[in-house]
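For the protein sequence lines, the chains are A and B, in the order given. Residue numbers for the first sequence follow my numbering, so the first one is 2 and each next one is one higher. Residue numbers for the second sequence follow my numbering, so the first one is -19 and each next one is one higher.
Warning: the hint list may mix true and false statements.
[Stated by the list, open to error] Straight-line C-alpha distance at most 35 Å; calculated DSBU-like pairs for lysine-lysine: (1) B:Lys63 / A:Lys98; (2) B:Lys63 / A:Lys103; (3) A:Lys98 / B:Lys51; (4) B:Lys51 / A:Lys4; (5) A:Lys70 / B:Lys63; (6) B:Lys(-6) / A:Lys98; (7) B:Lys63 / A:Lys53; (8) A:Lys4 / B:Lys37; (9) B:Lys37 / A:Lys98; (10) A:Lys53 / B:Lys37; (11) A:Lys53 / B:Lys51; (12) B:Lys(-11) / A:Lys4.
Read the hints as simulated data drawn from the structure, not as lab findings.
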Amino acid sequence: DAKTTQPTSMDCAEGRAANLPCNHSTISGNEYVYWYRQIHSQGPQYIIHGLKNNETNEMASLIITEDRKSSTLILPHATLRDTAVYYCIVNTGANSKLTFGKGITLSVRP
Amino acid sequence: DGGITQSPKYLFRKEGQNVTLSCEQNLNHDAMYWYRQDPGQGLRLIYYSQIVNDFQKGDIAEGYSVSREKKESFPLTVTSAQKNPTAFYLCASTLRGSHGYTFGSGTRLTVV
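Turn these sequences into a full structure, and let the hints guide you.
Have a look at this one:
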């Protein structure tokens, strides 16, 4: 599986958009980009995934660059409950093993 | 409600004892996974199973054993051979063809 690179941490103000970057320069053509988040002492929660096109769901938007070497997860209106560790993962898809790095710690401040 | 249940939430054991962590899902998911998480670290894959009566080693299988006798159950045994068993253990499952994993709430094992 391709590796990903994420900053260690970032913060944003409550109500503002949180833009979480991820680099995956060695991604293969058949690999998806997945995002999960983990709130302290809980299991990770699936957020969104994409292959080439930008994706949006009720939780977030995923913007993938045209060359697919990087992506950004956008939480449009961050709340205090969005404070968590966010993991960016690349993987070949369904039923494949997921490899979790250290992720990025997002702190939402009041 | 459908979900994945790990029990117990906290578990204390003496060094040298085997201990079994429970993972049950009623989501009719095909594949199940066990991960280990140490403080400040990401998740590392211990074992996974894509069908009943079959399972494969992950990246850190030494000192652990699993079984998959039923589709809904995937218990993990931490044996005395595991050198540093104190950790947060997470179970996950996924449906064939689906992209999202569902995780349990974890079991925090402390060996004293």
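Results for each hint:
Proximity of Lys63 of chain B to Lys98 of chain A is assessed by CA-CA distance (about 24 Å); at most 35 Å being required, the pair is judged to hold. Taken as a hint, the Lys63 of chain B and Lys103 of chain A pair is honoured in the structure, with Cα atoms around 22 Å apart against an allowance of 35 Å. With a C-alpha separation of about 18 Å, the suggested pairing of Lys98 of chain A with Lys51 of chain B holds against the 35 Å cut-off. Between the alpha carbons of Lys51 of chain B and Lys4 of chain A the distance comes to roughly 31 Å, so the proposed pair stays at or under 35 Å and holds.
The straight-line distance between the Cα atoms of Lys70 of chain A and Lys63 of chain B is roughly 39 Å, outside the 35 Å bound, and the hint therefore fails. In summary, the hint linking Lys(-6) of chain B to Lys98 of chain A is supported, as the alpha carbons are separated by about 32 Å, within the 35 Å threshold. Only pairs whose Cα atoms come within 35 Å are accepted, and Lys63 of chain B paired with Lys53 of chain A is rejected, the gap being roughly 43 Å. Our distance criterion of 35 Å between C-alpha atoms is met by Lys4 of chain A and Lys37 of chain B, whose separation comes to about 21 Å.
A threshold of 35 Å between alpha carbons decides the hint, and for Lys37 of chain B with Lys98 of chain A the separation of about 11 Å falls inside it, so the pair holds. As the CA atoms of Lys53 of chain A and Lys37 of chain B are separated by approximately 31 Å, the hinted pair is consistent with the 35 Å bound. Proximity of Lys53 of chain A to Lys51 of chain B is assessed by CA-CA distance (about 34 Å); at most 35 Å being required, the pair is judged to hold. Straight-line distance between C-alpha atoms of Lys(-11) of chain B and Lys4 of chain A comes to about 31 Å, which keeps the hinted pair within the 35 Å bound.
Going through the hint list in order, the structure does not satisfy hints 5 and 7.
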